[in-house]
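Protein chains: 4
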Amino acid sequence: MIVIMKSEATKAQIKSVIERVKKEGLEVHLSEGKEQTIIGLVGDTRKMQDVAFTSYDGVENAVRISLTYKLTSREFHPENTVVDVDGVKIGDGSMTMMAGPCSIESLDQIRECARIAKAGGATILRGGAFKPRTSPYAFQGLEEEGLKYIRQAADEFDMKVITEVMDEAHIDMIAEYSDILQIGARNMQNFKLLQAVGKTGKPIGLKRGISGTIDEWLNAAEYIAAQGNFNVLFIERGIRTYETATRNTLDLSAVPLIKKLSHFPIIVDPSHGVGIWDLVPPMARAGVAAGADGLIVEIHPDPVNAWSDGPQSLNEKTYMRMMEEVHIMEKAMKEINALGESNS
Amino acid sequence: MIVIMKSEATKAQIKSVIERVKKEGLEVHLSEGKEQTIIGLVGDTRKMQDVAFTSYDGVENAVRISLTYKLTSREFHPENTVVDVDGVKIGDGSMTMMAGPCSIESLDQIRECARIAKAGGATILRGGAFKPRTSPYAFQGLEEEGLKYIRQAADEFDMKVITEVMDEAHIDMIAEYSDILQIGARNMQNFKLLQAVGKTGKPIGLKRGISGTIDEWLNAAEYIAAQGNFNVLFIERGIRTYETATRNTLDLSAVPLIKKLSHFPIIVDPSHGVGIWDLVPPMARAGVAAGADGLIVEIHPDPVNAWSDGPQSLNEKTYMRMMEEVHIMEKAMKEINALGESNS
Amino acid sequence: MIVIMKSEATKAQIKSVIERVKKEGLEVHLSEGKEQTIIGLVGDTRKMQDVAFTSYDGVENAVRISLTYKLTSREFHPENTVVDVDGVKIGDGSMTMMAGPCSIESLDQIRECARIAKAGGATILRGGAFKPRTSPYAFQGLEEEGLKYIRQAADEFDMKVITEVMDEAHIDMIAEYSDILQIGARNMQNFKLLQAVGKTGKPIGLKRGISGTIDEWLNAAEYIAAQGNFNVLFIERGIRTYETATRNTLDLSAVPLIKKLSHFPIIVDPSHGVGIWDLVPPMARAGVAAGADGLIVEIHPDPVNAWSDGPQSLNEKTYMRMMEEVHIMEKAMKEINALGESNS
Amino acid sequence: MIVIMKSEATKAQIKSVIERVKKEGLEVHLSEGKEQTIIGLVGDTRKMQDVAFTSYDGVENAVRISLTYKLTSREFHPENTVVDVDGVKIGDGSMTMMAGPCSIESLDQIRECARIAKAGGATILRGGAFKPRTSPYAFQGLEEEGLKYIRQAADEFDMKVITEVMDEAHIDMIAEYSDILQIGARNMQNFKLLQAVGKTGKPIGLKRGISGTIDEWLNAAEYIAAQGNFNVLFIERGIRTYETATRNTLDLSAVPLIKKLSHFPIIVDPSHGVGIWDLVPPMARAGVAAGADGLIVEIHPDPVNAWSDGPQSLNEKTYMRMMEEVHIMEKAMKEINALGESNS
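Chains as they are written, first to last, in the UniProt record's numbering: chain X, 1 to 344; chain L, 1 to 344; chain R, 1 to 344; chain C, 1 to 344.
Just so you know, the hints here were simulated from the structure itself, not pulled from any lab data.
As the structure is a computational prediction, the values presented were derived from the model and not from experiment.
Hints are not guaranteed to be accurate.
Since the list gives no way to pick out one identical chain from another, each pair is judged satisfied if it fits inside one copy or across any two copies.
[Said to hold, decoys possible] List time: in silico DSBU-like cross-link candidates among lysine-lysine, alpha-carbon distance up to 35 Å:
#  : residue 1 : residue 2
1  : 22        : 317
2  : 202       : 118
3  : 23        : 6
4  : 6         : 334
5  : 89        : 6
6  : 317       : 199
7  : 202       : 70
8  : 11        : 89
9  : 15        : 199
10 : 260       : 148
11 : 89        : 199
12 : 70        : 334
13 : 22        : 192
14 : 260       : 331
15 : 47        : 118
16 : 89        : 331
17 : 260       : 70
18 : 202       : 89
19 : 118       : 199
20 : 192       : 89
21 : 148       : 317
Bound-form chain X, shown alone (with noise of 0.2 Å):
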């Protein structure tokens, strides 16, 4: 951290700023030019954060320069962390792929995208028994019996479960069906429930926010690996901005992004992302080729009939298709990778 003093700050008020530091134990490195005093903190800076350094008399500027997070980021763990969902491993190289309706509707329903979504080569089974709606009058999901449909559908094509958990109460029980426990867009800085599926030691799926910066997700991130639980996923599911032609703007730069910053992998939803099925499969491709650990996708086999979210699902057939473009990509990006690390 730095503060920058004012050009006509006084010593008596560059005095006030170094004492205050020194009285949280830290030390001081002065800078006196011409214009201006630059006070640079040294020392676990961390404690810093709150203090307000822009409201002593004769403070210009304060800069955080060190991070917030730690057991997140890349510095404190160089190498990738690889993610294992009870055998299906993230973030080792391979391109995961996770597919499923937005709603778990029925067990017909759910065992029908499950035979499609391991046709196209997924491992991993989506669907959600627990929705957040904006409005409290749509379909909120089926709950626990739809837990009970998602985790059988998954069973007999010998796939992994990731559904979302929206309140602390549910933890347990959820936890008993899914492999991984999802946070959701809007609930990504629910602290409590960071802690609360953090001590559950499960892989998290952790969906960036709907204005989430990358800093913040980091920070989220950070509450789950400080309960000690390194089995995190952050999920790119698109921004908000002012452009409404899609219903998010999938930021894929994040993905270079969070794995330049961090050791967990990520994944990108473009469903999510742009909200118009016929832009999902380009965008996926995209995804890919950023550099993604996987991919989690919306289908149903019948989308204008789904419950929720049927403009932005693929049916079998362009699911499928998708599916051929992704391994084409995939293959791309093994060649890429073989390149070796000259990129510096």
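Given chain X, work out where chains L, R and C should sit, using these hints.
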């Protein structure tokens, strides 16, 4: 809801949309133009929200024209709702002032804040005992100890209390100490929490989400109202935009817009809205002028030593000065309201 | 400017940054901490803006701490600048009112607008003769014919004229008819146009760009001021955000922020800010309360038949009512300003 | 266009809307439901864009359902347009590579850039001679001298030239040296400039505005096409969002969306899109995978000494490596395109 067919849509495609609508028990009005056929849905279209009309072949677009919320709407309840906080009335045409620190730090600190707040004219004391923090290593609040302090301080100065609830598990405890339960911006769409606080029947201060739309905010209120709780207070606290010169962008147009669309009162929080203490007074004035039912501001006896949000906290002197200005604005608004309702 | 080295930076890497700085004739202040070395630049760092310090090996980050604009800054010119528009003074503590239609449609229409505008207290008549339109097929303005009409109407009612310049080629022509040259939001960073209008010496109404930051806006003003033209009026007209319930998001915090950072006056345009006529009066009041030096609003004798911007135009009755409210607000602000400058 | 009446709208109010529509020579289709009357407009509704239906009494909302652009639309011209840049074909299914420095600094520098660009496979050389800069004190380009250098360098390496035009007054001069005229992000809605470059008939590289919507971008292209110039290249260069970890947010969903809505080619600019050199290669790969017709990237022989945009410029080694990756991606896309058009 209106479904707009493509100009090249076939009769069979049109029929298939109509059949779907009728299956749900609604009727249609068909507009067959030279260029386009338009299908209007008649009946309770709330249940059609999730239908993926845009995934039907031949459909150009589907436009929602009815509201997804009801109890919250001005249409449903044309008169202003006055929320009674244990005798303090909000929304009755007077201006309600809420002030206090970001975090409760000690009994002395919150008592000193209460003294200042009251001296300036506030009737409700704010202060956080459970703090949502981006980093898990930042100060998270004094928890129940803090609640005891704020209750004691409020009682001493004959004030009411507003404090944040982050977790269903704490609702009972917090409800024992606090008159208003606040839902923070990060939890605006934590639907389980909304339902749970709704059930208490207590006044709920519902902050707008960090990137919450007006429509989502109204629907969030509907989650509370649907529990039979009509004591909702909207709190505008700024939204996330591209601009970084202020902490958030305070959206004061939300004030007249919410008052037009809903019957619940709206409070403005200029402190979080701008994040810089010397911009708080002008934005407080502007909030009153825009027609807010109240203000909530952060004050601290010694902002540079505040444990959190120091840069946006007013000290005693600046708060007292701001309140002089706010009172002049209140008088002006009374004069304006007395002009009568000729504005149409 | 400050360059922050990575903790693992080598001495050679540090040296290479220092050499670059010295090459440009600046000095450095070195802060060697246990964790990080910080290099402060001393001298006129404006010329270092473009140096890619972050591309140097061993550099963590580079932080700009000095302003890139000068003549526009409050630091350079501590007193408020009063812009004299042929006798109408803007920024002298009074409120300047500008009103008129979006587009000039006919002599009759603009005369009728002038009559109404003047009756409500406006001294400056707005109206577009050259209209920037999203679609090439939309009405683009009456051009010089329109300029003649607005001049004639303004003269008849003893008003001044503000109208938009979109093109360098039209500056001389427009300057002949108009007292203030307006730069529209889409042209805030049309730097050649800024320089060209700067050279005229005329008052310039500089709208904030559709997504212009405060910093970019101040720099845009600097392009004008650098031509020796100190007659700049900032016009806040709302920014583009994710919210679609209003046309733009009127950022009233820009008012106190611009007044803190610059000496030029600032005008608020609530019509474009919200885009819905019945939200204009409350936002006009809020603009005055935030400390604006003036307002600019769209009026039309018959909004439903306006050729453009009808939905946000006030008719005679609603405008007159709004002006009553604005005058009450003005009085309140006078009272507030008379409290004296104790707010620190 | 559809006009939706309020449920309480009177017959007279409905009639008044219908009369207005008929006055413009259009017909209406009336849908009288139990809850709401809906008025559909039939005919060329482009001329109705500006009608303030929402200002009519009794109107709930007005929804535009037809496009405001025509020549640019895929509907108007179902086949892909191939832009021929003096023999280099863009949009014919191949990938066109453009590379070069941000600013032309000297003949030596641009020749060295041309050598590197060509070696990696680029056929078009980029480089700015007129630079739009936020601050008037930043380097503004070598102007005509720079144009001579880039032409000479391109000719030496048998490349074509793309460079930015900021000012109508320079069009003729720049057109003499450059094969493609680029419209920068800040000028996407500088309509006079769009019309003027349109008239040259030359290929136009139209960058997306800093906060340009897809719809506005398509309309900006329409300004060019309306001049009879069908040589338009869309260039996606990132949009402004709340995220500050990258310079902009590269919106790759624009690629399939533009290809769906328009027949003109689209190029991706990952350099401005992310602003950080080591994120450029993954985003370049992703751009190819999303289906772009080409890439434009910034390179510099010595990024740390670049006069502008150094942080996002690739040096020779990183550019050559990126191009190996891009070529692998191209092959993969060929394989994908060969799968045939079964994706529906």
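Okay, the hints, checked on the actual structure:
Only between protomers do residue 22 and residue 317 lie at most 35 Å apart by alpha-carbon distance; the minimum there is 28 Å, versus 66 Å within a single protomer. Taking CA atoms no more than 35 Å apart as the test, residue 202 paired with residue 118 passes inside one copy only; the shortest distance there is 23 Å, against 49 Å between copies. Taking identical chains as interchangeable, the C-alpha atoms of residue 23 and residue 6 lie at most 35 Å apart whether they share a chain (22 Å) or sit on different chains (26 Å). Only between protomers do residue 6 and residue 334 lie at most 35 Å apart by alpha-carbon distance; the minimum there is 32 Å, versus 53 Å within a single protomer.
Proximity of residue 89 and residue 6 under a CA criterion of 35 Å is satisfied inter-copy only: 33 Å between copies versus 53 Å inside one chain copy. In this assembly of identical chains, the alpha carbons of residue 317 and residue 199 never lie at most 35 Å apart, being 40 Å within a copy and 46 Å across copies at closest. Proximity of residue 202 and residue 70 under a CA criterion of 35 Å is satisfied intra-copy only: 20 Å inside one chain copy versus 40 Å between copies. When the C-alpha separation of residue 11 and residue 89 is checked against a cutoff of 35 Å, the pair qualifies neither within a copy, at 59 Å, nor between copies, at 42 Å.
For a Cα distance limit of 35 Å, the shortest separation of residue 15 from residue 199 qualifies neither inside one copy, at 44 Å, nor across copies, at 47 Å. In the homo-oligomer, the alpha carbons of residue 260 and residue 148 never lie at most 35 Å apart, since the shortest distance is 38 Å inside one protomer and 40 Å across protomers. In this homomeric assembly, residue 89 and residue 199 come within 35 Å of each other (Cα to Cα) only inside a single copy, at 21 Å, whereas the closest approach across copies is 43 Å. When the C-alpha separation of residue 70 and residue 334 is checked against a cutoff of 35 Å, the pair qualifies only within one copy, where the shortest distance is 31 Å, while the shortest distance between copies is 43 Å.
Taking identical chains as interchangeable, the C-alpha atoms of residue 22 and residue 192 lie at most 35 Å apart only when both belong to the same chain, with a minimum of 33 Å there against 44 Å between chains. In the homo-oligomer, the alpha carbons of residue 260 and residue 331 lie at most 35 Å apart both inside one protomer (23 Å) and across protomers (27 Å), since each shortest distance falls under that limit. Taking the shortest Cα distances, residue 47 and residue 118 sit within 35 Å of each other only across copies (32 Å), while inside one copy they are farther apart (48 Å). With identical chains, the CA atoms of residue 89 and residue 331 are at most 35 Å apart both within one copy (18 Å) and between copies (28 Å).
Taking the closest pair of Cα atoms, residue 260 and residue 70 come within 35 Å of each other only inside a single copy of the chain (14 Å); across copies the shortest separation is 38 Å, beyond that limit. Taking the shortest alpha-carbon separations for residue 202 and residue 89, only the intra-copy value of 14 Å comes in at or below 35 Å, while the best inter-copy value is 48 Å. Proximity of residue 118 to residue 199 under the C-alpha cut-off of 35 Å is restricted to the intra-copy arrangement: shortest distance 31 Å within a copy versus 43 Å between copies. Taking the shortest alpha-carbon separations for residue 192 and residue 89, both the intra-copy value of 28 Å and the inter-copy value of 33 Å come in at or below 35 Å.
Only within a single protomer do residue 148 and residue 317 lie at most 35 Å apart by alpha-carbon distance; the minimum there is 27 Å, versus 54 Å between protomers.
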